[in-house]
Amino acid sequence: MRRFIPHIVLALGAGVMLLPFYWMVLTSIRAPAEIFDISLWPIPKEFTGVENYTQAATTVPMARFMLNGVIVCAGILIVQVLTAVPAAYALAKLRFPGRRLLMIAVIAALCVPMQALALPLFVGLAKAGLLNTYFAQMAPFFLSVFAIFLFHQSFRSYPDEIIEAARMDGFSEMEICWGLVLRGSLPSLAAFAVFSVVAHWNDLYWPMIVVNDTALAPPPLGMLFFSDVETGANYGALMAGAAMITAPMVVCFLLARRSFIAGITMTGVK
Amino acid sequence: MARQSLDLSGIRKGFGQTQVLKDINLSVREGEFLSLVGMSGCGKSTLLRIIAGLEAPDEGELRIGGRDVTNSDPSDRNLAMVFQSYALYPHMTVRQNIATPLRMRKLGFAARLPLLGRVVASRHTLAEIDAAVAQAAGTLQITHLLDRKPAQLSGGQRQRVALARALVRQPAAFLMDEPLSNLDAKLRAHMRDELVGLHRRLGATFVYVTHDQVEAMTMSDRIALMIEGRIEQLGTPDELYHNPATLAVARFIGSPTINLLPAEAGASGAVSVKGMTTGLVAAPGPATLGIRAEDVRVSAGGLPARILREEKHGPDRFLTCELAEGETIVLRQKASDPTGADADGWLSLGFAEERAHLFGSNGLRRDFRVVEKAAA
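Order-wise, the sequence lines are chains R and S. Numbering follows our numbering, with no gaps: position 59 of the first sequence is 59. Numbering follows our numbering, with no gaps: position 358 of the second sequence is 1358.
These aren't lab readings, by the way, just hints derived from the structure by calculation. These numbers were taken from a predicted model, which means no experiment stands behind them. By construction, the Cβ of each residue, glycine as well, lies at the ideal position given by its N, Cα and C atoms.
One-sided and incomplete, this derived list gives chain R residues near chain S with beta-carbon spacing under 7 Å:
1) 164
2) 168
3) 170
Okay, chain R solo, but in the shape it has when bound:
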């Protein structure tokens, strides 16, 4: 019995965490009359899933929102990796004056919340005439100190002798950084990609500030427009939309799950 207790406790925790998702999926296939029914029985009395999903997919340009989400998330992730990997390599493996100070600056920057920067960033983008662009949605996140920190932790454990052997063989520092050191930290890259994509796919705060054009809206902002259009009446369709935008993230995490966990445990970031 004793060896089951931890499993029971964990299962209860998992149940609590999963309940909202279950509720979301359940609501998305229920008819409006049943929505406020507190029963958790998975089979609705009247199956209206097809209608709900069709409505969610056709009333608003759901495909457009998804595409916007992909563009914004991919843009952010690519620039984050392009900038954070060399920075982390330099901080972890090169010796130069001011390295400690820069590392302290990175850690300090981790403590600054996005909300504190929203106003100056908004004003700056507005003055530059860049509101209502993909760029405005991506730019504040191009430089990720979290990525620098995560990669730094992981790169630090790469053996110095291999880097030195590579230098003697004629590798350039960039080739060492991308071809050897990052290659040895692929789980960290996967972990960071999951963090970044999930965070920006689900982000409502920043897109709401800089975008009011439906054609540029990422999924959560699009959902907001959708609920406005529907004046919040049809929860079934709303939840169908929510289920549709959540699904890619769940798939994304399941695919990268093994690497994600390895990346997190390896770097000691928990």
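With chain R held as given, fit chain S onto it using these hints.
Below, chain S without anything else, positioned relative to chain R:
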């Protein structure tokens, strides 16, 4: 190609407040096997890394084959290094590992890219690289391992791959940083022979760093013994063993450690050790007498000593004895001979006087001559 001299002059290096290397002058001859030996922290690894170009000296000049390379990049020096951890590229197969130094030198950036490379690279160059890899693998007998990854190899096999990767580029010289220290004792002895054989076959210049004086003694043409950032003595293994320039060298070289006894040269110059007059004559003053275990004899009228323990080494045995005032002295005997001790384990010890070493109180070797004891 693989026979070039290395010349270091006035090399200094410090990390923060500590001076790691203090004015190193060293010439490694073409085709020579030179060991840098010393205790950890003596600066030998730093010196090797300066030769490799992985560290820059604070002062001094380094020439390879006469060419000044003090400020060159590591890859421009055409040196091959074998690291203690072997430093194989973990994501590459053995074949790719060995080919890498050649690909980096012979192929342009585009030709090294994973897919495009196959189109861009010249077939002739690729065939040349393949042939060189096959030859290097053949030399080290690792042809059957070429398609494995380093993680699938044993320590000894990784060592061979590292050596193959070093020799495939036909470097100006081989640099080795304690390459055998991660192997077990038996494999280490075997690889020692192989390295010596490889050196002989290639006729290449080897600079070999080790803290193990046995490795240095058995493999090298010459040894540079380093102590606290200086080269204490540079010479052949025999010179270091039979003619140590300082007390520190005598202490470091040889196993078991040389026996050291306080001695005193009187006004006449006759040296006495613990009250026993010897046949040695040297400049007056206090001194230290060094005598190797094999030069200690059992002889009447010598220093009384009691056997503490006996260590058997097959044909020989080492007797550790205690002198009257607590000093220990080790002597080496043929195992077939009687120890020469009395029933209580007491011996009388003398030594081969012409083979003794005398060091002044400043630690430097002091000259002496041997006279008949009666005349002294």
